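Sequences listed follow chains A and B, in order. With full-length UniProt numbering as the guide, the letters of the first sequence map in order to residues 1 to 254. With full-length UniProt numbering as the guide, the letters of the second sequence map in order to residues 1 to 153.
The hints are simulated quantities; they were obtained by calculation from the structure and are not laboratory data. One should not assume that every hint holds.
[Claimed, not checked] Going by beta-carbon spacing under 10 Å, a handful of chain B positions derived as facing chain A:
id, residue
1, I3
2, A7
3, C12
4, V76
5, M78
6, A97
7, L111
8, E127
[What the hints assert, rightly or not] Taking beta-carbon pairs under 8 Å as the criterion, some of the chain B residues facing chain A (in silico):
id, residue
9, L22
10, L43
11, A68
Keep in mind the model is a prediction, meaning the values are calculated, not measured. Note that CB positions come from ideal geometry on N, CA and C, so glycine has one too.
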Amino acid sequence: MLHMIEHVFVEQSLVTAFAAVGALMLISNFMGKRLTRGRVHGSAIAIVLGLVLAYVGGRITGGQKGVADIPALAGIGLMGGAMLRDFAIVATAFEVDVIEARRAGLLGVAALALGTVLPFIVGALTAMAFGYHDAVSITTIGAGAVTYIVGPVTGAALGADSTVMALSIATGVTKAVMVMVGTPLVARLIGLDNPRSAMAFGGLMGTVSGVAGGLAATDPKLVPYGALTATFHTGIGCLVGPSLFFLIVRALVG
Amino acid sequence: MTIFGVALLALCTLIGVYLGDLLGVALGVKANVGGVGLAMILLIAARVWMLRNGKLGHGTKLGVEFWATMYIPIVVAMAAQQNVVAAVSGGPIVIIAATGSLLICFAFVALLGRIGRRTAETSPEVEHGGSVIGGDTDGEPARPAPALATDRR
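If we strip away everything but chain A, and leave its shape as in the complex, we get:
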């Protein structure tokens, strides 16, 4: 019996994912309304629960894709993968108020520049504090603090060794997870409640998954504005990481 049910789940992977995520959202909305009296967004709880499940899935399977490594839940990998995620992000642009977005355009560009430079400096300084003295390792770990894609792209271009690459990716993933969980907590403190600050947020935080999750958990109306700037972040990081940033670091540490 159980075996046959699992067979259905594996065969209908995407459909299973819809049902599973639907159930998770239902539980989260219930928890949000009843346990926190609506103070915490149901979607924020759902994202945190998703991350907890990803941890459990990773521990059980030893894989890198959270619950998606469990065969019966492989559809989660398709549903939450880059293809459908980007498709849904583009769809949110349909709800953009053009006037608001255009008004904050310059702010978004400034945020993008700062969001690439600042995390890189923090990451590079941390690497140096922990005893890395060669320009390649310092640049790779610094780039990982920008996003978890910029890290390995930079590392691969510079020929960094695999432990440094792993550290770099882990830094980016940790940042993305922290943005998802932390954003709703600090949103009021940092004035993240209007399209303008959402565009600054997207540019500064960068990591598309972090921004997508963080804004969804905070206030859905801010999603398209943050996504609009965040999606440029990884490309810019990959552009300056192995070139400009590496040259500067090499000039500084020799």
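Based on these hints, arrange chain B on the given structure of chain A.
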């Protein structure tokens, strides 16, 4: 028809991602440069054009907005497949680098958000967008009349 909306969304995404790839090649980067952002801009432009010419039918709108309402569930699925084990067991260097860059960026969001801040009031269009993306088609205050949205431009 609903499929026209879904197809429009797909077309904008494909063109945007392709342009992002081209931009990456032109800049000599091994990554897509802003493909999704370009796709979003294309979709915004398409919507404005259709609104002006009265070609934005109910079905087309439904086709795109359905995927916008699926945004949060998709993000939840995305969260459920992150490599959280690696994030948690990264060690001090990972924690410090990630926390440090996070805090400094949060601080700058607060700073940039204050520069030249205009009226705190959000437009009804922004609020409507929030209720669509939030997946709340019920229980929300009445939507602004479509005519209002056209008048704004």
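Quiz prompt | Closest C-beta approach of A97 of chain B to chain A relative to 10 Å, hint status | solution = 4 Å, holds
Exercise. Please verify that hint: A68 of chain B, Cβ, nearest Cβ of chain A, below 8 Å or not.
Key: Status holds, d = 4 Å.
Quiz item: Hey, does the V76 of chain B contact hint survive, CB to chain A under 10 Å?
Solution: 5 Å, holds
Quiz item: Does the interface hint hold: is M78 of chain B within less than 10 Å of chain A, judged Cβ to Cβ?
Solution: With a minimum Cβ separation of about 4 Å from chain A (threshold 10 Å), the hint on M78 of chain B holds.
Quiz item: Regarding the hint that L22 of chain B lies at the interface with chain A, is the smallest CB-CB distance below 8 Å?
Solution: 12 Å, violated
Quiz item: Does the nearest C-beta of chain A fall within a distance shorter than 10 Å of the C-beta of I3 of chain B?
Solution: Interface hint status for I3 of chain B: violated (14 Å vs cutoff 10 Å).
Exercise. Mind checking the CB of L111 of chain B against every CB in chain A and telling me if the closest is under 10 Å?
Key: Holds. Min distance 9 Å.
Self-check item: Status of the hint placing A7 of chain B at chain A (closest C-beta pair under 10 Å)
Solution: 12 Å, violated
Exercise. Let me know if the C-beta of E127 of chain B comes in closer than 10 Å to any C-beta of chain A, holds or violated.
Key: 6 Å, holds
Practice problem: Against chain A, run the beta carbon of L43 of chain B and see if the smallest gap drops under 8 Å. | Solution: 5 Å, holds
Quiz prompt | Interface hint for C12 of chain B, Cβ within 10 Å of any Cβ on chain A | solution = With a closest approach of 6 Å, the C12 of chain B hint holds.
Taken one by one, the earlier hints fail for this structure at numbers 1, 2, 9, listed in ascending order.
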